[in-house]
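My request is simple: use the sequences and hints to build the entire structure.
Protein sequence lines correspond, in order, to chains W and X.
With our numbering applied, the first sequence corresponds to residues 302 to 532, in that order.
With our numbering applied, the second sequence corresponds to residues 47 to 152, in that order.
Because the hints were derived from the structure by calculation, they are not lab data.
Be aware that a few hints might be false.
Some, not all, of what chain W presents toward chain X, calculated at C-beta under 7 Å [to be verified]:
| hint | residue |
| --- | --- |
| 1 | Val348 |
| 2 | Thr355 |
| 3 | Val356 |
| 4 | Leu369 |
| 5 | Ser393 |
| 6 | Ser395 |
| 7 | Leu471 |
| 8 | Gly478 |
| 9 | Met482 |
| 10 | Thr498 |
A quick note: this is a predicted structure, and the numbers were derived from the prediction, not measured.
C-beta atoms are modelled at their ideal positions from N, C-alpha and C, and glycine is treated no differently.
The lines below spell out each chain.
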Amino acid sequence: MNQDLVITRDQSPVLTGIRAMAPMLLAYAPFALLVGAAVSASDSPLVAWLSTWTVYGGAAHLAVLDVLQHDAGVLGAAVVGLMVNARMVAYSMSLAPHWRGTSTLSKMGAALMLTDATWGLTRSHAAQDDTARRRFYFGAGLTLWFGWPLLVTVGVLVGDWVRAVPALSLLPCLTLGSLAMRQLGNRAALAAAGTATVVGVATTRADGGLALVACAAAGATAAAVVHRRSA
Amino acid sequence: MTTVVALAIVGAGSLAYRLLPLLGAARVPESVSRAASWAGLSVLAAVTVRGVLHHQDGSIPWPVPVAVVSVALALVVAARGRHLLLVLTVGAGSYLALSALVATLA
Chain W
302 MNQDLVITRD QSPVLTGIRA MAPMLLAYAP FALLVGAAVS ASDSPLVAWL
352 STWTVYGGAA HLAVLDVLQH DAGVLGAAVV GLMVNARMVA YSMSLAPHWR
402 GTSTLSKMGA ALMLTDATWG LTRSHAAQDD TARRRFYFGA GLTLWFGWPL
452 LVTVGVLVGD WVRAVPALSL LPCLTLGSLA MRQLGNRAAL AAAGTATVVG
502 VATTRADGGL ALVACAAAGA TAAAVVHRRS A
Chain X
47 MTTVVALAIV GAGSLAYRLL PLLGAARVPE SVSRAASWAG LSVLAAVTVR
97 GVLHHQDGSI PWPVPVAVVS VALALVVAAR GRHLLLVLTV GAGSYLALSA
147 LVATLA
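Right, dumping it as structure tokens:
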């Protein structure tokens with residue numbers, strides 16, 4: 302009986318998702334502290350902090366606050382933020398087949414928790430079926446949904462010291478790069494990542510949002526060509 | 047007021063980005079979903095590359111090459127399917143080691 306219980310617990314997709322996300326929270330901590338520092342320096346710290354849940358993307362959040370600090374105006378800040386977060390459309394579309402036939406509430410919950418880490422983890426997770434995949438997603442997603450704002454809140458109080466340790470700023474890159482590496486299981490995926498890397502290097506000096514859209518378009522196109530040839 | 051309006055627009059837009067494709071899940075064709083997953087993978091790769099190339103460290107010479115080598119070493123570990131914590135340790139550890147080496151040589 303006890304053994305059965307242990308096996309059931311070991312196989313719970315929700316717990317697996319929580320376990321998978323936990324080390325990512327650690328890796329995201331320095332970035333979250335930086336976002337928190339930007340939130341505390343904002344004109345409206347409370348609104349900037351509350352938007353941690355709605356913007357729900359450190360890069361976009363940081364970019365909007367940075368643009369606002371340089372007096373670029375509402376439109377400039379909004380465009381930059383929306384461009385940086387445009388990748389969420391691709392993430393959401395790629396998850397859509399796994400949410401077919403589920404309730405609107407489940408879809409809304411999934412949408413609220415969607416970001417790079419939850420998407421990357423779920424894509425690279427080998428689930429038995431869509432139900433298990435969704436449970437894994439919610440385990441991982443809830444962990445980040447509570448953990449990220451908590452870390453940003455800590456950053457509001459003590460975030461500035463992170464700038465003094467440059468090695469920490471590489472941790473989010475390592476986390477996302479690691480998630481990308483796990484998905485390189487076929488030629489199409491290799492073509493997507495390879496092309497995006499080349500375009501990413503070529504557009505290093507371009508605006509972040511525009512560059513990411515260009516990388517996404519180029520990577521998806523290259524993968525589609527490779528996929529068609531191998532089909 | 048500017049901050050409130052800008053963050054409200056970005057927050058609402060970001061929620062729409064996430065929610066609308068999922069709400070229309072039944073209508074998203076398999077081919078579009080597959081292309082979107084390639085686009086997502088491309089974004090992950092691009093964010094990694096841009097993050098490394100924008101790396102700043104005033105305490106050492108050549109911070110970007112040091113970051114490139116460190117991240118490359120860590121991603122080799124990731125490609126072998128090792129745990130994320132090991133990947134992070136290898137990346138940060140090699141960055142610190144290379145930083146010390148570069149600082150000594152400079």
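Status of each hint after checking the structure:
1. Val348: Since chain X brings a Cβ to about 5 Å from Val348/W, closer than 7 Å, the hint holds.
2. Thr355: holds, 3 Å
3. Val356: Holds, about 5 Å.
4. Leu369: With a minimum Cβ separation of about 5 Å from chain X (threshold 7 Å), the hint on Leu369/W holds.
5. Ser393: holds, 4 Å
6. Ser395: holds, 4 Å
7. Leu471: With Cβ-Cβ at 6 Å, under 7 Å, it holds.
8. Gly478: This hint holds: Gly478/W lies near chain X, its Cβ roughly 4 Å from the closest one there, short of 7 Å.
9. Met482: This interface hint holds because 4 Å falls under the 7 Å limit.
10. Thr498: Since chain X brings a Cβ to about 5 Å from Thr498/W, closer than 7 Å, the hint holds.
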